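Asker: Position chain R relative to chain X; hints supplied.
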Amino acid sequence: DAGVIQSPRHEVTEMGQEVTLRCKPISGHNSLFWYRQTMMRGLELLIYFNNNVPIDDSGMPEDRFSAKMPNASFSTLKIQPSEPRDSAVYFCATSGGGGGFELDYNSPLHFGNGTRLTVT
Amino acid sequence: AQSVAQPEDQVNVAEGNPLTVKCTYSVSGNPYLFWYVQYPNRGLQFLLKYITGDNLVKGSYGFEAEFNKSQTSFHLKKPSALVSDSALYFCAVRDMGAGNNRKLIWGLGTSLAVNP
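Chains as they are written, first to last, in the working numbering: chain X, 197 to 316; chain R, 54 to 169.
Just chain X, same shape as in the assembly (with noise of 0.2 Å):
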């Protein structure tokens, strides 16, 4: 199993422009999570799909931040435009795969080596 792959792993942008960054979850995994870690605050939680569906976007900080997953095998965070308050280092994490179809509290999460975003 290859794990959760994040791409690309470092981005270096200049403010204003479009940044995306792509997750494959691990096959089988039914819950996809996007999360932001910061020195100052930590790991946030931004978005969760489950099923390809999203459940709960309240932690996405702006319009700015969109996220998609259009199917089971791929998602997408995209900021547009870009700040240098995103700077962050982004993660996705998966979990699941017990066969069930809602969100399985017990399942621990699995993470990608997420992408490190510096923006000027």
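Note that these hints are calculated values from the structure, not bench results. Note that this is a predicted model, so its numbers are computed, not measured. Just so it is clear, CB atoms sit at the ideal spot from N, CA and C, and this is done for glycine as well. Just to be clear, a hint being listed does not mean it is correct.
Claimed, not checked - Each pair of labels, with its calculated beta carbon distance range:
#: 1; chain 1: X; residue 1: 238; chain 2: R; residue 2: 107; range: 39 to 49 Å
#: 2; chain 1: R; residue 1: 56; chain 2: X; residue 2: 259; range: 27 to 37 Å
#: 3; chain 1: X; residue 1: 253; chain 2: R; residue 2: 132; range: 40 to 50 Å
#: 4; chain 1: R; residue 1: 69; chain 2: X; residue 2: 213; range: 28 to 38 Å
#: 5; chain 1: X; residue 1: 247; chain 2: R; residue 2: 151; range: 19 to 29 Å
#: 6; chain 1: X; residue 1: 259; chain 2: R; residue 2: 154; range: 34 to 44 Å
#: 7; chain 1: X; residue 1: 211; chain 2: R; residue 2: 125; range: 40 to 50 Å
#: 8; chain 1: X; residue 1: 199; chain 2: R; residue 2: 124; range: 27 to 37 Å
#: 9; chain 1: R; residue 1: 124; chain 2: X; residue 2: 204; range: 38 to 48 Å
To be verified - With a cut-off of at most 27 Å between alpha-carbon atoms, the simulated DSSO-like pairs for lysine-lysine come out as follows:
#: 10; chain 1: R; residue 1: 122; chain 2: R; residue 2: 111
#: 11; chain 1: X; residue 1: 220; chain 2: R; residue 2: 156
#: 12; chain 1: X; residue 1: 274; chain 2: R; residue 2: 75
#: 13; chain 1: R; residue 1: 102; chain 2: X; residue 2: 220
#: 14; chain 1: R; residue 1: 156; chain 2: R; residue 2: 75
#: 15; chain 1: R; residue 1: 102; chain 2: R; residue 2: 156
#: 16; chain 1: X; residue 1: 264; chain 2: R; residue 2: 156
Answerer: This is chain R only, laid out in the frame that chain X set:
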């Protein structure tokens, strides 16, 4: 309000000595408790969880944690620390009480340094 506290930003321990990383929580319902470890430039990795049953749970890499309901704590322990245990450790809790949103609440992390 639901919360998780990791009261120590940093823990230093000598190799071979026992280590403890503390975690306390506040929830209204039954807690599901988790520990994760993060190595530099990597994502978080699951170590262990408490859902129900025996208060002492064992996990990966020789770690264990004890659920203490009266003290609302879930401290992470290891009998003999290794230099390779040096990393950032996160405690997380899910409030399973009725009517709660059941999101994972994360601590801010504790940096463990094991000195040779």
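Asker: For the hint 39 to 49 Å, verify it against the beta carbon of residue 238 of chain X and that of residue 107 of chain R.
Answerer: The hinted range 39 to 49 Å is violated for residue 238 of chain X and residue 107 of chain R, with Cβ atoms some 30 Å apart.
Asker: Take the C-beta atom of residue 211 of chain X and the C-beta atom of residue 125 of chain R, compute their distance, and say whether it sits inside 40 to 50 Å.
Answerer: Holds - the Cβ-Cβ distance for residue 211 of chain X and residue 125 of chain R, about 44 Å, lies within 40 to 50 Å.
Asker: Holds or violated: are the alpha carbons of residue 102 of chain R and residue 156 of chain R at most 27 Å from each other?
Answerer: holds, 15 Å
Asker: With a cut-off of 27 Å on the C-alpha distance, tell me whether residue 274 of chain X and residue 75 of chain R pass.
Answerer: violated, 36 Å
Asker: Run the distance test for residue 122 of chain R versus residue 111 of chain R: straight-line Cα separation, threshold 27 Å.
Answerer: holds, 17 Å
Asker: Verify the CB-CB distance for residue 56 of chain R and residue 259 of chain X against the hinted window 27 to 37 Å.
Answerer: For residue 56 of chain R and residue 259 of chain X the Cβ distance comes to about 29 Å; the hint holds.
Asker: Within 38 to 48 Å: is that where the Cβ-Cβ distance between residue 124 of chain R and residue 204 of chain X falls?
Answerer: holds, 44 Å
Asker: Run the distance test for residue 102 of chain R versus residue 220 of chain X: straight-line Cα separation, threshold 27 Å.
Answerer: Between residue 102 of chain R and residue 220 of chain X the Cα gap is close to 25 Å, so the pair holds against 27 Å.
Asker: Quick check on a hinted range of 27 to 37 Å for residue 199 of chain X and residue 124 of chain R, using CB atoms only.
Answerer: holds, 35 Å
Asker: With a cut-off of 27 Å on the C-alpha distance, tell me whether residue 156 of chain R and residue 75 of chain R pass.
Answerer: Judged against 27 Å, a Cα distance of about 21 Å means the pair holds.
Asker: Can you confirm whether the C-alpha distance between residue 220 of chain X and residue 156 of chain R stays at or below 27 Å?
Answerer: holds, 22 Å
Asker: Verify the CB-CB distance for residue 259 of chain X and residue 154 of chain R against the hinted window 34 to 44 Å.
Answerer: Given range 34 to 44 Å: violated, Cβ gap about 22 Å.
Of the numbered hints given earlier, the model fails hints 1, 4, 6, 12; all others are met.
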